[in-house]
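Visitor: From just these sequences and the hints, can you work out the full model?
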Amino acid sequence: MSDTESKTAGLEPIEGAGSGRSNSYLRLLLVLLVSATFFEGYDNSILALLLGDIQATFAVPESTLGLARGIIEVGSFAAFFFTRLGDRWGRRPLLLWSVVGYTLMTGLTAFSWDIWSFTLFQFTARIFLGAEYAVAVTMIVEEFPAKRRSKALGTLLAFAAAGVIVVGLMLLVGLQDGPIEWRTLYLVGLLPLVLLSIFRRRIRETQRFTAEQVRRETLSVDDPGHPDADGPGFWAPWAARTRRMLLVVGLIHLTRSLPLFGSTAWWAYYAERERGFTSAEVGFYIIFAYGMGVVGYWACGQLMERWGRRPTAMLYFSLGTVFAIILFQVDNKLIAFFAQIFAVFFGLGSAPVMGAFATELFPTSIRSQAAAWTRNVFEIAGFMGGPLIVGILGDHATGVVGSIGDSVSILMLLWLPGVWLVYRYIPETKGLELEDVHGEVR
Amino acid sequence: MRRIVLLVVVASVALGACSTERDRAAGVTERFLQALSDSGRHGLIESATERAAEHGDTALAIDLAAPIELRAEDERLFRDLEVGAPRPAERGGDVRVPLRLTQRLSSDAPEGTPDEVRASAVLEPAAGGASWYVVAIEPRAEGERVPSEGGARPATAEVGHWMWGAAIAALMTLGSVILIEASPLRMTGLHHLPPDPTAEDPTGHPTTRDALD
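Protein chains in written order, with our numbering: chain A, 1 to 442; chain B, 1001 to 1213.
Worth flagging that the hints you see were computed from the coordinates, not collected in a lab. Note that CB positions come from ideal geometry on N, CA and C, so glycine has one too. There could be a bad hint or two in this list.
[What the hints assert, rightly or not] To give an idea of the chain B side of the interface with chain A (calculated C-beta under 7 Å), a few residues:
#1 Leu1015
#2 Cys1018
#3 Ser1019
#4 Asp1023
#5 Arg1024
#6 Gly1027
#7 Arg1041
#8 Ser1047
#9 Thr1049
#10 Ala1155
#11 His1161
#12 Gly1165
#13 Ala1169
#14 Leu1179
#15 Ser1183
#16 Pro1184
[As the list claims (entries may be wrong)] Rough simulated footprint, nothing fancy, chain A against chain B, three-plus residues with beta-carbon under 8 Å:
#17 1028-1040
#18 1069-1083
#19 1147-1154
[Said to hold, decoys possible] Just a sample of chain A residues kept apart from chain B, beta carbon distances all over 10 Å, derived:
#20 Val31
#21 Gly70
#22 Ile71
#23 Ile72
#24 Phe80
#25 Arg92
#26 Arg201
#27 Thr210
#28 Ser220
#29 Glu305
#30 Trp307
#31 Leu315
Guide: The following block contains the structure:
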C-alpha cells in the first residue's frame, strides 16, 4: 500500500514500530515465548520415543496405534483453524488461550483411560500447541526490530531441540519406568505450563497488530463496505495480492518437511534395524546430536542477519540434504554420529529462516493466516506424508525399496526443489522493517 | 474438491505401486521376531501371538527368548533385533536369514547372564509363494552375518529407484514453477522485486521503494 493510499484508508504512522519496545520487554517476551517451541519438541519426542510404552499400557495392536497417531497428527493440521484467528482476535489473546488449552490437555493426557481418550486429548493439545507456535513466531517477527529479528527467531526455535534433549535426559534417568510410567512426562510439563499461563499475561499486544486494529476500526467507520473492515476472510492470503508468495513459501515448506520429517520419524528405527545400534546407543545419539545440533538454529539466526535469508536458506537446505544422505548411508558409527549432528544442524536448524519466510513476507493484516497456511497446511502435509512414504517404500517385507535408509536418502532429493524456489522467487528481507517489505507506512 | 479427490486417488494408486509382489524373507523374519518380542507385554500377548503365528511357528520363541524367570516383567522380550540378507537353504526353495537380538533381562538376572542371541531363521515359501513362513531357528552357518557384523544388507535401492527420485524432484520443481508462474504478479512491496532488493525491477512494476520515495 502506498503512502497516499494508506492515508486515505485512515492508517496513521506507527512511531518506531518494531523498535519501540524496551530491551527488557523484548527479553521478557522472548523468555515467555520460548516455551511454545520447547513444548513442541517435548511433545513430539514423547510420542515418538514412548509410543511402545503407550501401546502396552492401553493394550492395543499396531493398527489401532497407527490410527491413533494419525488422528493426533491431524491436530497439527486442525490448528490452522485456530491459528488464523490471530488476525481477528489479536496475537495476545490467541497466545493466552492457546497456552491455557495446551496446559489443560497435557494434564488430561496424563489421566487418559484408554487409547481413544489419549488420542482426543493429544489431538486437542496439538491444536493449541500449533497455534501457540505460530503466534509465537509472528510476535517475534512483529515486535523485534529488523536488526535483531533473525537472532530472536534463532533463539526461539532452538528451544524445540531443547525440548527433545530434555525428553532424552528424562528417559535416560528412567522416568518412564516409575509407577505411572510415561504419564510422568506429561505431568512434569504441567508446572512450567501453569506458571506460563500466569506470567504470559504480562505480554502486550504487538504494536503492529494494534495499528492494524486502528486501521480496521477507522475503515469500518469511514467505509463500512470495505472488505478489510471486518478483518480478513478465510481465503484472504490467497487474494491476488499475496497468492504467489503464499504458494512459493508454502511449496518451500512442503519440499522441506516431506524429506525432513520422513528422516526424523524413521531414524531410530533405521539405526536399530538396519545398522545394529542398541537402544542405548540410539538414545545417546539423539541426545548428543540434538544437543550439538541445536547450535544450528542459533547459527541460522546469526547468518540470516549477516548474509541474509536467501543464502542462509540455500546453504542450510543443500547441506541438510547432503548430511542426511550421509547419515542414512554410512556404516561407520563415528561418521554417522557427526553426520547426524550436522543433519540436525542444517536440517532442523533451518527452522528460523522458514519462520522468517512464513511471516515477514506477508502484511500484518493476514500474517497469522499466512503463517497458518504455510505451517499448518503445507508443512503438516509433509509432516504426515514424509513418514508415510518412507514407511511404504522402505517396508522390509513389502516395500519396493525395502530399506528405510535408502528410502529416506531418495526422499531427500525432494528437498532440492526448495533450493531453486528460494533462489528464483524469494526476495531478500535482511535488515528491512516489515513496513519496508510490504509498503505499509510506519 | 474434484481435484483433491483426483489427487488422493492418484496418490493412493502411486503408493500402491510401491509394494513388491512377493514379501521379502528378511522382512518376514523381522515381523515374526517383533511380534514375539511384543508378546512379552501383558496387554499385548493375544494380538502379538496372533501376529507372530501369521509369520512363523510361535513355538520357536523358546529358542530366542530368555527363560521366564530371567525375563523382565511386562516388557518386550528383545531390546533390539537385526536381520541380514537371506541365503538359499539346503532344502530347495527354503532360505536362511541370519539374525541377532538382545534379550531384555530382569534386573534380578545374575550378572553376566548372556543376553545376545545370534542365529539363523529358516523360512519356507508360504501363501502360494507370495510370502514366507519361519519354520526353524538354527545356529548360524559359516559366513552368515547381519549388516552390523559386516554382512550384506537385506535390500538396497537400485539405480532405477534413485533415478525415479531425481525425476520426481525435477517434476516437483517444474510443477512448482508452473503453479507459481500461473498465479498473479499483482503484489505489494518486495513481492515482485528481484531477489536483490537493490537491483531494478525487471517487470517495471512500481515497487515499495518507488512508493516510499
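Visitor: All hints are to be evaluated individually against the structure, with a verdict given for each.
Guide: Hint check results:
1. Leu1015: holds, 5 Å
2. Cys1018: holds, 5 Å
3. Ser1019: With Cβ-Cβ at 5 Å, under 7 Å, it holds.
4. Asp1023: holds, 5 Å
5. Arg1024: Holds, about 5 Å.
6. Gly1027: holds, 3 Å
7. Arg1041: holds, 4 Å
8. Ser1047: Holds, because the Cβ-Cβ distance from B/Ser1047 to chain A comes to roughly 4 Å (cut-off 7 Å).
9. Thr1049: Cβ of B/Thr1049 sits 11 Å from chain A, so the hint is violated.
10. Ala1155: For B/Ala1155, the interface hint holds, since the closest Cβ of chain A sits about 3 Å away, which is under 7 Å.
11. His1161: Result: holds, 6 Å to nearest chain A Cβ.
12. Gly1165: holds, 4 Å
13. Ala1169: holds, 4 Å
14. Leu1179: holds, 6 Å
15. Ser1183: holds, 4 Å
16. Pro1184: holds, 4 Å
17. 1028-1040: With 3 residues closer than 8 Å to chain A, the region 1028-1040 of chain B meets the three-residue bar; holds.
18. 1069-1083: That given contact holds, which follows from 7 residues of the region 1069-1083 of chain B lying within Cβ reach (below 8 Å) of chain A.
19. 1147-1154: Holds: 5 residues of the region 1147-1154 of chain B have a Cβ under 8 Å from chain A.
20. Val31: A/Val31 clear of chain B: closest Cβ-Cβ about 31 Å, beyond 10 Å.
21. Gly70: Non-interface label stands for A/Gly70: nearest chain B Cβ at 15 Å, farther than 10 Å.
22. Ile71: For A/Ile71, whose nearest Cβ neighbour in chain B is about 18 Å away, the distance exceeds 10 Å, so it holds.
23. Ile72: Correct as stated: the minimum Cβ-Cβ distance to chain B is 20 Å, above 10 Å.
24. Phe80: Holds, because the least Cβ-Cβ distance between A/Phe80 and chain B comes to about 16 Å, which exceeds 10 Å.
25. Arg92: At about 26 Å from chain B, A/Arg92 clears the 10 Å cut-off, so the statement holds.
26. Arg201: holds, 34 Å
27. Thr210: A/Thr210 is indeed farther than 10 Å from all Cβ atoms of chain B, at 21 Å.
28. Ser220: holds, 22 Å
29. Glu305: holds, 16 Å
30. Trp307: holds, 13 Å
31. Leu315: holds, 15 Å
This entry does not satisfy hint 9, going by the numbered hints stated previously; all others are met.
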